[in-house]
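2 protein chains.
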Amino acid sequence: MSSIPYKIYLEENEIPKTWYNIRANMPQQHAPMLNPGTMKPATKEEISAIFCEELARQELDETTENIPIPEPIRDFYKMYRPSPLVRAYCLEQELKTPAKIFYKFEGSNTSGSHKLNSAAAQVYYAKEQGVKGLATETGAGQWGTALSMACAFYQMPLYVFMVKNSAEQKPYRKAVMETFGANVTKSPSDTTEIGRKILLENPGTGGSLGCAISEAIEFAVTHEGYKYTLGSVLDQVLLHQSVIGLEVKKAMEKYSLYPDIIIGCAGGGSNLGGLVSPFVRDKIKKEKNPYIIAVEPASCPTMTRGRYAYDFCDTGRITPLAKMYTLGSGFMPAPNHAGGLRYHGMSPILSKLYHDGFIDEARSAVQTDVFEAAVKFARCEGILPAPESAHAIRAAIDESEKCKQTGEEKIIVFGLSGTGYFDMAAYESYHSGKMTDYVPTDEELQKGFDSLPKVPGNA
Amino acid sequence: MSSIPYKIYLEENEIPKTWYNIRANMPQQHAPMLNPGTMKPATKEEISAIFCEELARQELDETTENIPIPEPIRDFYKMYRPSPLVRAYCLEQELKTPAKIFYKFEGSNTSGSHKLNSAAAQVYYAKEQGVKGLATETGAGQWGTALSMACAFYQMPLYVFMVKNSAEQKPYRKAVMETFGANVTKSPSDTTEIGRKILLENPGTGGSLGCAISEAIEFAVTHEGYKYTLGSVLDQVLLHQSVIGLEVKKAMEKYSLYPDIIIGCAGGGSNLGGLVSPFVRDKIKKEKNPYIIAVEPASCPTMTRGRYAYDFCDTGRITPLAKMYTLGSGFMPAPNHAGGLRYHGMSPILSKLYHDGFIDEARSAVQTDVFEAAVKFARCEGILPAPESAHAIRAAIDESEKCKQTGEEKIIVFGLSGTGYFDMAAYESYHSGKMTDYVPTDEELQKGFDSLPKVPGNA
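Protein sequences appear in the order of chains A and B.
Read left to right, the first sequence gives residues 469 to 927 (the numbering used here).
Read left to right, the second sequence gives residues 469 to 927 (the numbering used here).
Keep in mind that the hints were calculated from the coordinates and are not lab data.
Mixed in with the good hints there might be a few duds.
A pair holds if it fits inside one copy or across any two, identical chains being indistinguishable in the list.
To be verified - With a cut-off of at most 27 Å between alpha-carbon atoms, the simulated DSS-like pairs for lysine-lysine come out as follows: (1) 632 / 915; (2) 844 / 654; (3) 844 / 595; (4) 600 / 844; (5) 564 / 600; (6) 595 / 475; (7) 475 / 485; (8) 870 / 654; (9) 753 / 717; (10) 546 / 844; (11) 508 / 751; (12) 878 / 665; (13) 568 / 718.
Extracted from the complex, chain A is given alone in its bound form (with noise of 0.2 Å):
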């Protein structure tokens, strides 16, 4: 084996051709999604009412294993692409641990983050179909920036609605999207009806992004010739994040390694899902087992601590309801830092193979720990990790700490997804002392499940 650079960069004609599909390989499908009015699947029909015609086929696709990535999209990813995946030498020094801890970077882009490989599949293929213009909400602002950078690219018109809490902990996150030409709202917002009424019920509410998508679709149903696009939990977004993993893959392979555990910080999935999913076919398929390990937040803790069950993937009650690990969509998460991780729900197919133990572990942190994570890794590495990012670090520099006890040289790679530029203020805040962890009662998660639809199978 020849020694390991810093950065394993692949050929730009080594970006992927195709997206994996992991649900081709599933032992088991994830539930339907169901139309709440009548409880039946939501059918193509239904989805395409929201989202563009082949966004809708690829969301309902069990069985194309290789979806090929058209050649615009591709080109597209050329502009920052392929992602280097990094041999933290410096952090391992740091730790003494025999581990061999890698990262795949997705921040080398503006947006700072992985969301620009979803984002340019949904653009391009709006554009395809004439759509007019997207509508889309974003928390932490990452899905925002990215979906604004592609919709420049493509000349597509953009309406983001932005969680308040977010716009007004970063207000240049708004900016950077005005620089690529969207409209941004704070929500919940007086423009669209449910935002009215949310309004009404929870005056100076900060918003939620299960609020922000409930007007973002309200926005792109009533304006003619207008789609919705979603940067995470749906199954088009995990294809499309597939590009993490199978990168992650080509990169090791060339030094013949191959990792013992890998880890994803938990949001939505999107970033999870695209990272691990090569990764779950080798274990479904029994050629390999690694050790997949997914980090919340302690304060959102949908894995660890929510059910699994139908719901509505929105505060506002209006999308198809999805089967998934919940804390209920009428609950409402603390103003955590990690802001790209504070979403009741969970991507239906990490859902499912969680439940069915392909992926081995979720835990949770609490922020304090995960900024200790952050400051050590920026320190050492020389980047700067966003929040949500850093949760993974965290378990890393943790599963690093076993192997120095075990004198394991374990391979630990984890997905940084993105870069903490517009978090400085959550930074002030762990510097000075004043940051605090939350972790929600039993009682107050109860309100949270009382909001589950009565759905036949929800407990």
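Position chain B against the provided structure of chain A, taking the given hints into account.
Chain B in isolation, oriented as in the chain A frame:
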């Protein structure tokens, strides 16, 4: 010639093994720095009082063409280098120009700019010599951030004097430096004698790079075991930054390309000098004759409207005198948003090269024109440029437009020295139409020239 990819990456082992010292090839040396007390050339001993030994040696080396880069510095470089040379296919398409536009992107590291190239070297040498801590100044914050990162890596205490105006425009820059462990003080401050003096004379001043330099030097010389570092202007900095131009050359050679036009933004000269010096070499040796353009802000027109004269490098008038293009150390630049270009002087090497005709042209741009170019670039290329770097984009677009008129397929290379994540207040000001263009009058410039020291030969 094989088809040119979006990004030309070099291999890790193609990171330059030596820095290029252009002084070894200059037909005439620039005039030596003078001790303002004796008016005699500053000796190595005098320079070593401020800088560490090896850097003082490099500062005075006029003969060694290729100076080996120590292995540990190359290892540091491997964390973020080689940086990509990007073909701006999308911008070319938008401009409908026959020109081939390339940019060397130095913003793919947390510091967000090229400054890390010299920071890595300066901290390494300080560590080797057993220096106890470092002091420096920062304007826009790019140098302070880069030095903080390098100091975190080498576990070296750091005190940063940050121009007050910039610190207030960009509070989060401070938080980034603190994340990397630096101590940050707004300048002018009451922690130094010179700071107190400046505050007394100019109460309410927003500071300047020249003030902050004075304070940082005072801090270093009054603290046992401390040394001072500077991120631009100095010959040693241009030496370290030569990795930029060397990589550009090597990357272009892979596709048998050579630039017709090379463009860099010009502040103190660190990015411009690093980018162009390997190409100026070819001009000196009459091997090639690329057209080299320096772009500066119209609000701080050092090369286009300054004097070529001996001047202090700082406002407090405590540094040695350097022969350079200058607006006078008493010139207080307007708060243009390109803080990194807001400096009264210019690298003595570049000043001499410009004076002798090896840099073909200096031009200035007003900031609204610069931001117009920045936004156009961002929307096409998906990178959010620093306002400083956007000066080069402006000129690259203008040159491409000329090619469109003449039909010439010129190869244009410009330096994209950094990203603008911390400059969103400036973008907001541009978007809202509130940004104004300030150009100093001749009378205002005259006040700066009146501050020039009385040195034989100064006009």
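Broken hints, by number
8, 11 and 12
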